[in-house]
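**Q** Residues per chain are reported as follows:
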Amino acid sequence: MDITGRKLFVRALQEEGVDTIFGYPGGMVTDLMDELYKTEGIRLVLPRHEQGLVHMAEGYARATGKTAVCLVTSGPGATNTITGLADAHYDSIPLVCFTGQVPLNLIGNDAFQEVDIVGMTRNITKYSVTVRERKDLGKIIKMAFHIASTGKPGPVLIDLPKNIQTESGDSVYPEKISIRGYKPNESVHVGQLKKAYKLLKSAEKPLILAGGGIHIGRAQEELLLLVEKMKVPVVTTVMGKGALPAHHPYYVGNCGMHGRYAANMAVSQCDVLFSIGTRFNDRITGDLNEFAPKAKIVHIDIDTASISRNVVVDVPIVADAKLALDKLNEWAEPKKTKKWLEEIRAWEEENPLQMRKDKGMTPQMIMEGINQAFEEAILVTDVGQHQMWASQYLEFGGKKQFITSGGLGTMGFGFPAAVGAKIGNPEVPVICITGDGGFQMNMQEMATAVAEHSPVIICLLNNQYLGMVRQMQQLFYGKRYEATCLRRRITCPLDCKGPGENCPPYVPDFMAFAKAYNARGIRVHKAEEILPALEEAKLQKDVPTIIEFMISSDELVLPMVKGGNPMSEMILK
Amino acid sequence: MKNRWIALYVENQVGVLAKVSGLFSAKSYNLQSLTVGTTEDESVSRMTICVTSDDITFEQIKKQLNRMVEVIKVIDLTNVPLHMKEILFAKVLHCTTAEKEEVFQIAQVFNVQVADIGTDSVLLECKLTERRNNELIALLRSKYRHIEIVRGGAVAIESISTSCR
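Chains as they are written, first to last, in the numbering used here: chain A, 1 to 573; chain B, 1001 to 1165.
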């Protein structure tokens, strides 16, 4: 029996096991919304802006491991998703995003709310397609879920013209799909892997570099096993944070632009760099000519195109992280690395990661408070200084998951992503660590969090500035704080060098903001107030809490390597 | 840096050409020519692509193409014996009778057809290699002030291997 496109749409979602979708209505998706109204078992979350919507879906996908589903209307609804889709593409997050579209016969006529969203998203999605014939609808949705969730995951966009939604056609949703141009790698080249293993085995100063691929491939246990069997130290990228538990004796820390001194020294001194699931982004390598200069490099990644792009490697291996690590664990034998570990420890002692302790509350104290207050948590950050402090001082691994926008570095990501993570994991405490700049980029989602009874705990580090840029202005641009002071008003002097007594009050008042949304607000000025505030926030079961931490404006993220410099040239103080 | 050739099998669908050409602009790859047409299988198109690049970039280009869902197969034709032709029309305008005769001679030497002729103009239809077409254009340009050129980009196919002959 034939059914309408809108009915098949809902059937497809049910067959895919979708229980939550993030949707915003509009003229070209009213039919789909109406069909969802009649459907039980699918929760429709209504964010307040489509950018927040996609970030929410990203948080949901990262926290649950499921493919998240977005539904927005044509035109502005579709264009508002672009930043979120690009973010998901960069960080390999599985999403299927449905956009409404004007009827096929109007496409190209500059119809009301018509945009070529497929054209706009072609290179920020894994796959992007307009459904042109009703008979293809089932096949295309099946393809979308398959492509989004396999290989290197990513967002897929399906543009659904209005007439396809209402047209009758085949009722079957295919169980399987074969795509001739898409065959993700499902095996590992044993010969190459053996070569890599021999290299690792023969090394005197071996080092494992673990990236976000460890998390995407859910290979944390396999990595731990390998590390313990072979006694090889590990450094991580920001996205790889938590690949090894924070206090593990072989875990050195993050490497890269704001990495630990010992971690960057280890990279520059190691003789074999065994990297898994990273694309050697410039934030990790710095000056490419000086990156791991003494090392032979092994690179395991699921994406062929990530290998030998930024760094030329000695042993390239295209494989899923879990699969490769499983195989390696069959061969793994202990290595003598005591001397090398001691060398790394000496670097750590020489320049440990720490902030000053003499003048009031520091970000380090806030992060340590969070470490102490939560045994299990999903920790989501926005982008900026607080993100780097979180990556430096928060403890991950085990029951603590880290979600952050690593590739695109999208301000405004954190709060909606945290709401999405909470919606997917109502039992787990979700903490959003954000800044006063980034939070304002999507703070309209407070309404969503309240409406969905999502008691996210927002730790807002307010330094009154767009701190990461301010830091660059302070260090490299003669303290010319152009466009970074969030207290600035038109009446302020042009050459202002920092906050003083005559500054105008900060807007918004985040406590009044919380109140306006019926949420909790707690303002923290002193270190001893950190833990009580977190404990109080924990008690909230229905509404979000904003804990606003008033921190100093001149706090820096250190160590720091200037963009393009070698990683050994760290600014430490 | 040198010229390299790729044969690309892609899904014959709306937007695939835009996606492939978009890759070259998005990643600043140096695209020399791109032609596309359907194959013996109507659902498949074949592109012939020429790029100028170094070895590392070329490897990356092939990987990036391979990664696209719509790309079925990437064949590197750079070091493969192949047949390659490019269609080119060249109009020589405002020529004297003597010049017209000269154009006929050039046509003979280059082994191209005279497709049309007017009182003071000649139209040449050429199916030569890209290089030979370049040579012809250079010659016409040096001799005549008014010429009009339209060329189609090269298409290429692998030679039949000697063992199959």
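No wet-lab data here; the hints were simulated from the structure.
Since the model is a prediction, treat every value here as computed from it, not as a measurement.
Among the clues, some could well be false.
[What the hints assert, rightly or not] The calculated lysine-lysine pairs, modelled on PhoX-like cross-linking and capped at a C-alpha distance of 25 Å, are:
no.: 1; chain 1: B; residue 1: Lys1002; chain 2: A; residue 2: Lys176
no.: 2; chain 1: A; residue 1: Lys142; chain 2: B; residue 2: Lys1091
no.: 3; chain 1: B; residue 1: Lys1091; chain 2: B; residue 2: Lys1073
no.: 4; chain 1: A; residue 1: Lys335; chain 2: A; residue 2: Lys294
no.: 5; chain 1: A; residue 1: Lys195; chain 2: B; residue 2: Lys1085
no.: 6; chain 1: B; residue 1: Lys1073; chain 2: A; residue 2: Lys183
no.: 7; chain 1: B; residue 1: Lys1063; chain 2: A; residue 2: Lys183
**Q** Are the Cα positions of lysine 1002 of chain B and lysine 176 of chain A separated by 25 Å at most?
**A** 44 Å, violated
**Q** Within 25 Å, alpha carbon to alpha carbon, are lysine 1073 of chain B and lysine 183 of chain A?
**A** 11 Å, holds
**Q** For lysine 195 of chain A and lysine 1085 of chain B, compute the direct alpha-carbon distance and say whether it is at most 25 Å.
**A** 44 Å, violated
**Q** Within a Cα-Cα threshold of 25 Å, do lysine 335 of chain A and lysine 294 of chain A meet the stated pairing?
**A** Holds: lysine 335 of chain A and lysine 294 of chain A sit about 20 Å apart, inside 25 Å.
**Q** Assess, step by step, whether the Cα of lysine 1091 of chain B is no farther than 25 Å from the Cα of lysine 1073 of chain B, and give holds or violated.
**A** 38 Å, violated
**Q** For lysine 142 of chain A and lysine 1091 of chain B, compute the direct alpha-carbon distance and say whether it is at most 25 Å.
**A** 53 Å, violated
**Q** Lysine 1063 of chain B and lysine 183 of chain A: Cα distance at most 25 Å?
**A** Distance ~13 Å between lysine 1063 of chain B and lysine 183 of chain A Cα, so the pair holds.
When each numbered hint is compared with the structure, violations occur for hints 1, 2, 3 and 5.
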